[in-house]
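Heads up: the sequence lines are chains P and L, in that order.
FYI, the numbering for the first sequence is 1 to 446, going by the numbering used here.
FYI, the numbering for the second sequence is 1 to 446, going by the numbering used here.
Treat the hints as calculated values from the structure; they're not laboratory data.
Mixed in with the good hints, there may be bad ones.
Heads up, the list lumps identical chains together, so a pair's fine if it works in one copy or across two of them.
[To be verified] Under the rule of at most 25 Å between Cα atoms (straight-line distance), these lysine-lysine pairs were calculated in the BS3-like manner:
{"no.": "1", "residue 1": "K267", "residue 2": "K444"}
{"no.": "2", "residue 1": "K261", "residue 2": "K411"}
{"no.": "3", "residue 1": "K69", "residue 2": "K202"}
{"no.": "4", "residue 1": "K69", "residue 2": "K444"}
{"no.": "5", "residue 1": "K411", "residue 2": "K267"}
{"no.": "6", "residue 1": "K260", "residue 2": "K233"}
{"no.": "7", "residue 1": "K445", "residue 2": "K381"}
{"no.": "8", "residue 1": "K381", "residue 2": "K347"}
Protein chains: 2
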Amino acid sequence: MRFIIIGGDAAGMSAASRAKRNDPDMEVIVFEQTNDVSYSACGMPYNIADPGRDMNDLVVRQADVFRNKQGIDLRTGHRVVSIDPSKRDVKYTDSNGEESSLVYDKLLIATGASPVVPDIPGIDLPGVLPLKSLDQGRKIKQFIQEHNVKNAVIIGMGYIALEMCEALRANDIDVSMVKPRKNFIPWMDDELSDMVKSEVEKNSVKLYAGHEIKEITESGGQLKIKCSDLDLKCDMVICATGVVPNSALAEDAGIELGIKKSITVDKRLLTSNENIYAAGDCADSYHVVTGEKAYIPLALRANRAGWAVADNITGGNAELEGIAGTAVFKVFDMQVARTGLDMNESKRAGFDPVDTVISTRSRAHSYPGNAEIKVHIIGDKKSGRLLGVQMAGIDGVAHRINAPAVALHNKMTVEEFSQCDLAYAPPFGPVWDPVLTAAVQLMKKM
Amino acid sequence: MRFIIIGGDAAGMSAASRAKRNDPDMEVIVFEQTNDVSYSACGMPYNIADPGRDMNDLVVRQADVFRNKQGIDLRTGHRVVSIDPSKRDVKYTDSNGEESSLVYDKLLIATGASPVVPDIPGIDLPGVLPLKSLDQGRKIKQFIQEHNVKNAVIIGMGYIALEMCEALRANDIDVSMVKPRKNFIPWMDDELSDMVKSEVEKNSVKLYAGHEIKEITESGGQLKIKCSDLDLKCDMVICATGVVPNSALAEDAGIELGIKKSITVDKRLLTSNENIYAAGDCADSYHVVTGEKAYIPLALRANRAGWAVADNITGGNAELEGIAGTAVFKVFDMQVARTGLDMNESKRAGFDPVDTVISTRSRAHSYPGNAEIKVHIIGDKKSGRLLGVQMAGIDGVAHRINAPAVALHNKMTVEEFSQCDLAYAPPFGPVWDPVLTAAVQLMKKM
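For reference, chain P alone in the conformation it holds in the complex (with noise of 0.2 Å):
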């Protein structure tokens, strides 16, 4: 049995790695067009922050283990142009761009996400750089070494577009970030938003919400991004808008896309057509809270869907249930961290969303660090249920958020969340941590 998995990130390397584990004997071939495989590619801000180190630091395992340890016939700078399902056949071109094709038994499409090019004349100028492979990551550390860059502007205030001004900052770089839409962090509360948007501000990153930006131009070596409103001159310009699914290679087949042009699969991560599974980035999954499909792309679901196709392939039968959209990031001190829905995803998703926002404490409030913690909770008025929970503060956020995602999986009331034993010592939180709180304060209004 032939299994061919077309890219080696996260999802294309654990179900590789995996298959070989549950089947020594089975030929296991992936095809990378880069030349580098299982990395840390959320590692990336923080490396750039460290001009010291080396980008190779984040590659987990090198591409010869892969192939001398595990027997994989890991095959990089190659690259898939085309998939033939009638023929079960996959056509493609070698490091040195000679064409050739291959049958396969079961193929994997996991060939993960790209950032998002914004339609803006100038997008293409040099110095003009996304964020997304490790490639990517190393040219943005080189330039800012080769052009002694002072002073940049990001396109884009997401996860990454905040780790990347802190990775800025911390290489002394001045940072502008602008986008069109008014709202800071659209899918936060705005005391929560304010509150990141405090700490992004105390390190001297100036924040440009709600200019459409018109053009980008280079002149002397200045590249100037142009706003109905605004001109911003910089060294270097970040573009990080989001991502796109790389699925085209999958629409081409004719296997059928969903939600924002991801891969639909089922739970057991099958694709349209019987012989095709798609895991990653590319693909879609389950919500947990809404039981519809949803494309949030994150690493451990791509290394947990890439395990589920070796299991499904070498006669297994693994099922994800799906995903809670629980995501954390660091931005300064500052931890933000989600699971579940927002208000305007609960509206949509046809559930009744009653919420609040409270402020509590990281710690005992006689223990020393004690910092300020805002929780928003949701729930739905209806049925009981835990929609989501978001926080933010400098202290204490990160794992704290990890409950309540377990009890999202659990469709649990948000009056069954708030009887939950959590932890607690002196150190680590009051005695009602921060999420019980919240859990109590909401079942005033539901």
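Following the hints, position chain L against chain P.
Structure of chain L alone, referenced to chain P:
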């Protein structure tokens, strides 16, 4: 309606406040034998650690606030001596020692717990001190200063004993710890227990486990702990060998006691008498894993039970599902957390437990501050259910225990738990959270 509460700490004052909030016309009388109410008992070791801080910092709300702002008839220095359920009255002595009695409609026994006093000759010598009430905390602090304590022996190696050893080291006191049982932390797997032990020993604390204590003697201001094969000399002895419920009042009144002589209550916190409730460290609870009674006196449960009693006597119907036995403590830089059952408890409860211990990292491999975390996870081979998780490490342990705690409330299987969508970002964890990695590893044995 008159609601009498015996005991003015966590459970008692929570009940009093909430009863007045639910029904401002209710007469709420609290008898508290000491002069302290509503303080953070768990904060005492951290306060003792800092000679510059006043013990009164731990008082969350002053007695007069309860009296004047909340209209609670709070009688400090009043000691209840007996309950007569047939007459529905309590007999008490006031601060002048004069005896009176008062009739109740509903009674709450919230008398807490007391330190175990081991049956050792010399245990009542001056300089041999327990820690439970705020007053006992003050005495320890005072004794350290007045006697210029240079070395101390702690009898016991539980949570409080370990927190106290850190507090005394912070006062630059040499500390030895001694106890009869051989295992350092008996409910922990050796691999985890050894991590904690190393941390304690690294901080110059001497551990003597497995030494029966025969006698404590005093000579020339020096105390001597005599064991069969060991003598330990010191200026002060802290006795921290666990607590027992203060249930004598209830027992004398014919109220049913259960596990470890705690007061038996149902999910509504009612005792065997229809007008008498019990809550806090004097009462038992249901364990959500076993469904059986347990005596695990902790602060969150006490607060929650106080609220539930107030709701139930003011027309509500609050049922507390139970506890998961979730707890966390810190000793020096080591964080230790647990939820659910340990191996012995699992066997005793009739499960067929299998377990595994994993070693993983607290953050992404490339992120600074990343430290080892060990996770011990236990599942039931018959049902597949998750039974318990224990963790130790110097970074990122404390809040991580809450995700498996919520899983236990929902009776999740290890497999279901392994599929939860937990948060990931390099500053806060590896892609697979340590508790998920532990679950995935345990599945191989189930």
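Results for each hint:
| no. | hint | verdict |
| --- | --- | --- |
| 1 | K267 - K444 | between (37 Å within a copy, 22 Å between copies) |
| 2 | K261 - K411 | neither (28 Å within a copy, 37 Å between copies) |
| 3 | K69 - K202 | neither (49 Å within a copy, 39 Å between copies) |
| 4 | K69 - K444 | between (58 Å within a copy, 22 Å between copies) |
| 5 | K411 - K267 | both (18 Å within a copy, 23 Å between copies) |
| 6 | K260 - K233 | neither (33 Å within a copy, 73 Å between copies) |
| 7 | K445 - K381 | within (8 Å within a copy, 42 Å between copies) |
| 8 | K381 - K347 | within (11 Å within a copy, 42 Å between copies) |
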